[in-house]
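Colleague: Residue strings, one per chain:
Protein chains: 2
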Amino acid sequence: MTRPPIRIVLADDERLVRTALRAILSAEPDLEVVGEAATGAEAVSVVRDLGPDVVLMDVRMPETDGIRATEQILATLDEPPRIVVVTTFENDSYVYDALRAGAAGFLLKRAEADLLVQAVRLVVRSDSLLFPSAVRALAAEHARVYPAPPAWIARLTGRESEVLRLMAAGLTNAEIARRMEVGPATVKTHVAAVLAKTGTRDRTQAAIAAYEAGFMKTR
Amino acid sequence: MTRPPIRIVLADDERLVRTALRAILSAEPDLEVVGEAATGAEAVSVVRDLGPDVVLMDVRMPETDGIRATEQILATLDEPPRIVVVTTFENDSYVYDALRAGAAGFLLKRAEADLLVQAVRLVVRSDSLLFPSAVRALAAEHARVYPAPPAWIARLTGRESEVLRLMAAGLTNAEIARRMEVGPATVKTHVAAVLAKTGTRDRTQAAIAAYEAGFMKTR
DNA sequence: CCGCCCCTCCCCCGTCCGGCGGAGCCGGAT
DNA sequence: ATCCGGCTCCGCCGGACGGGGGAGGGGCGG
Numbered sequence: 001m002t003r004p005p006i007r008i009v010l011a012d013d014e015r016l017v018r019t020a021l022r023a024i025l026s027a028e029p030d031l032e033v034v035g036e037a038a039t040g041a042e043a044v045s046v047v048r049d050l051g052p053d054v055v056l057m058d059v060r061m062p063e064t065d066g067i068r069a070t071e072q073i074l075a076t077l078d079e080p081p082r083i084v085v086v087t088t089f090e091n092d093s094y095v096y097d098a099l100r101a102g103a104a105g106f107l108l109k110r111a112e113a114d115l116l117v118q119a120v121r122l123v124v125r126s127d128s129l130l131f132p133s134a135v136r137a138l139a140a141e142h143a144r145v146y147p148a149p150p151a152w153i154a155r156l157t158g159r160e161s162e163v164l165r166l167m168a169a170g171l172t173n174a175e176i177a178r179r180m181e182v183g184p185a186t187v188k189t190h191v192a193a194v195l196a197k198t199g200t201r202d203r204t205q206a207a208i209a210a211y212e213a214g215f216m217k218t219r
Numbered sequence: 001m002t003r004p005p006i007r008i009v010l011a012d013d014e015r016l017v018r019t020a021l022r023a024i025l026s027a028e029p030d031l032e033v034v035g036e037a038a039t040g041a042e043a044v045s046v047v048r049d050l051g052p053d054v055v056l057m058d059v060r061m062p063e064t065d066g067i068r069a070t071e072q073i074l075a076t077l078d079e080p081p082r083i084v085v086v087t088t089f090e091n092d093s094y095v096y097d098a099l100r101a102g103a104a105g106f107l108l109k110r111a112e113a114d115l116l117v118q119a120v121r122l123v124v125r126s127d128s129l130l131f132p133s134a135v136r137a138l139a140a141e142h143a144r145v146y147p148a149p150p151a152w153i154a155r156l157t158g159r160e161s162e163v164l165r166l167m168a169a170g171l172t173n174a175e176i177a178r179r180m181e182v183g184p185a186t187v188k189t190h191v192a193a194v195l196a197k198t199g200t201r202d203r204t205q206a207a208i209a210a211y212e213a214g215f216m217k218t219r
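Heads up: the sequence lines are chains A and B, in that order.
Start counting the first sequence at 1; every next residue gets the next number (the UniProt record's numbering).
Start counting the second sequence at 1; every next residue gets the next number (the UniProt record's numbering).
It is worth saying that the hints were derived from the structure and are not from the lab.
It should be emphasised that the depicted structure is a prediction, and the values quoted were computed from it without experimental measurement.
Heads up, a few of these hints could be off.
One copy or any two copies: either way a pair holds, since identical chains are not told apart in the list.
Claimed, not checked - Listed below are the simulated SDA-like cross-link pairs for lysine to any residue, each with C-alpha atoms no more than 25 Å apart in a straight line: (1) Lys197 <-> Gly183; (2) Lys217 <-> Arg68; (3) Lys188 <-> Asn173; (4) Lys217 <-> Ala151; (5) Lys188 <-> Arg48; (6) Lys188 <-> Arg68; (7) Lys188 <-> Met216; (8) Lys197 <-> Glu36; (9) Lys197 <-> Glu175; (10) Lys217 <-> Leu166; (11) Lys197 <-> Asn173; (12) Lys197 <-> Ala41; (13) Lys197 <-> Pro150; (14) Lys197 <-> Glu42; (15) Lys217 <-> Asp202; (16) Lys188 <-> Thr172; (17) Lys217 <-> Ala192; (18) Lys188 <-> Ser45; (19) Lys217 <-> Ala27; (20) Lys197 <-> Tyr211; (21) Lys197 <-> Ser26; (22) Lys217 <-> Arg22; (23) Lys188 <-> Thr200.
Could you build the full structure based on these sequences and the hints that come with them?
Modeller: Put into structure tokens, the structure is as follows:
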């Protein structure tokens with residue numbers, strides 16, 4: 001009772017890597033590489049067209065990186081494939097990003113060939129797939145990331161948010177005053193309020209807090 | 001009239017890359033991969049033992065990088081092999097370094113398989129192997145896709161990097177001085193150098209620059 | 001109507017910061 | 001043997017910063 005082969009799409013901007021992966025996977029009778037993509041955007045369309053069972057997705061790719069491509073694929077397809085994110089370095093913080101994006105697995109390029117093959121087989125049958133190094137990185141990342149969206153953001157008033165944004169852009173109080181068309185004394189008041197609410201002692205720490213809270217990415 | 005095959009050594013710390021290169025090259029009847037190395041130091045000894053015609057040398061490797069390994073091989077052997085330096089990224093000055101070290105050629109890993117094969121054949125027959133246009137084009141494209149990290153990072157000295165890291169952690173000069181076990185005056189000197197090199201005017205802007213350059217994610 | 005919050009602005013004061021010039025030491029390169 | 005770059009410090013100064021008060025006005029809900 002032969003079952004149909006597992007259909008695989010490779011997404012990696014390096015031709016060499018794709019070739020290597022294809023060689024390794026195609027040697028297995030139950031695996032079939034049905035498509036390749038060199039960019040994240042290409043990966044999305046190729047997967048949409050071919051509807052594979054598994055995608056091996058590199059993180060670093062032109063146009064759209066592997067994380068975003070993963071998000072897009074999972075968001076737009078009814079029956080999305082299992083996506084295994086592949087990267088070179090284990091100290092990357094990509095593990096967390098990959099899993100948050102919905103990737104089913106995460107492994108390193110330095111993995112042995114048979115580990116790769118097993119991973120593909122495993123991932124179509126189980127919900128998720130994690131390797132020890134990935135788990136370790138995940139734990140570290142989790143601890144770092146989970147202190148989550150600080151509560152102080154919500155406590156900031158409108159003006160205070162503006163001031164923090166300009167502070168974290170590197171402006172002096174005088175510049176902020178000109179930009180906001182208020183007096184320097186007013187800016188000092190707002191700055192003091194921001195420092196108090198963020199629990200920081202100077203504008204540099206406030207700027208750092210803004211960055212680490214993701215505050216600067218808010219539009 | 002069959003001539004002896006071209007004897008090749010592969011030096012790359014990634015198993016996958018070596019496998020791929022071996023697969024590509026071994027498919028050609030006139031090419032023969034006679035050895036592999038995973039570090040620069042290993043490459044030197046392997047080449048010394050086997051005396052190959054060509055070495056495909058990765059730039060980034062543990063222990064000794066590809067550039068130094070190239071230098072050592074060319075300096076210590078009477079009849080050194082042609083060395084082709086292979087790398088993934090082009091934004092660095094590796095091309096210049098490679099050629100200065102005496103490499104006969106320079107290739108990007110994203111090169112097509114047949115280009116690779118041709119390169120190996122070509123390099124044993126000619127004094128040098130140049131793909132100026134290709135390299136430049138790829139470099140330009142690569143620089144477009146992966147915006148290069150600001151050049152100032154490389155210009156920072158060791159102490160200056162430490163100071164920037166602590167500055168961007170929100171420490172005052174006095175705290176940095178205690179942490180680094182130097183005088184406050186010394187910290188001020190380093191801070192001034194950091195501000196100059198980063199093109200910023202105060203510690204807040206420097207901290208922002210550090211964050212936006214991804215400097216704080218480095219280790 | 002009254003309190004409360006937000007925004008606006010003022011003063012004083014001590015500290016920290018950044019710019020300036022100068023100096024000695026050391027190790028590697030020339 | 002000399003030069004250069006990195007690291008370590010010094011003093012001086014003006015300006016920016018942050019803390020501590022206080023004060024007036026406007027809006028909104030109790």
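Colleague: Run every hint past the structure and note whether it holds.
Modeller: Here is what the structure says about each hint:
no., hint, in the structure
1, Lys197 <-> Gly183, "within (22 Å within a copy, 33 Å between copies)"
2, Lys217 <-> Arg68, "both (16 Å within a copy, 20 Å between copies)"
3, Lys188 <-> Asn173, "both (7 Å within a copy, 23 Å between copies)"
4, Lys217 <-> Ala151, "both (16 Å within a copy, 24 Å between copies)"
5, Lys188 <-> Arg48, "neither (50 Å within a copy, 57 Å between copies)"
6, Lys188 <-> Arg68, "neither (36 Å within a copy, 42 Å between copies)"
7, Lys188 <-> Met216, "within (21 Å within a copy, 29 Å between copies)"
8, Lys197 <-> Glu36, "neither (42 Å within a copy, 43 Å between copies)"
9, Lys197 <-> Glu175, "both (22 Å within a copy, 23 Å between copies)"
10, Lys217 <-> Leu166, "both (13 Å within a copy, 23 Å between copies)"
11, Lys197 <-> Asn173, "both (18 Å within a copy, 24 Å between copies)"
12, Lys197 <-> Ala41, "neither (35 Å within a copy, 37 Å between copies)"
13, Lys197 <-> Pro150, "within (11 Å within a copy, 33 Å between copies)"
14, Lys197 <-> Glu42, "neither (38 Å within a copy, 39 Å between copies)"
15, Lys217 <-> Asp202, "both (21 Å within a copy, 22 Å between copies)"
16, Lys188 <-> Thr172, "both (10 Å within a copy, 20 Å between copies)"
17, Lys217 <-> Ala192, "within (23 Å within a copy, 29 Å between copies)"
18, Lys188 <-> Ser45, "neither (47 Å within a copy, 54 Å between copies)"
19, Lys217 <-> Ala27, "neither (42 Å within a copy, 39 Å between copies)"
20, Lys197 <-> Tyr211, "both (15 Å within a copy, 22 Å between copies)"
21, Lys197 <-> Ser26, "neither (49 Å within a copy, 51 Å between copies)"
22, Lys217 <-> Arg22, "neither (35 Å within a copy, 33 Å between copies)"
23, Lys188 <-> Thr200, "both (15 Å within a copy, 22 Å between copies)"
When the structure is compared with the earlier hints, violations turn up for hints 5, 6, 8, 12, 14, 18, 19, 21 and 22 and for no others.
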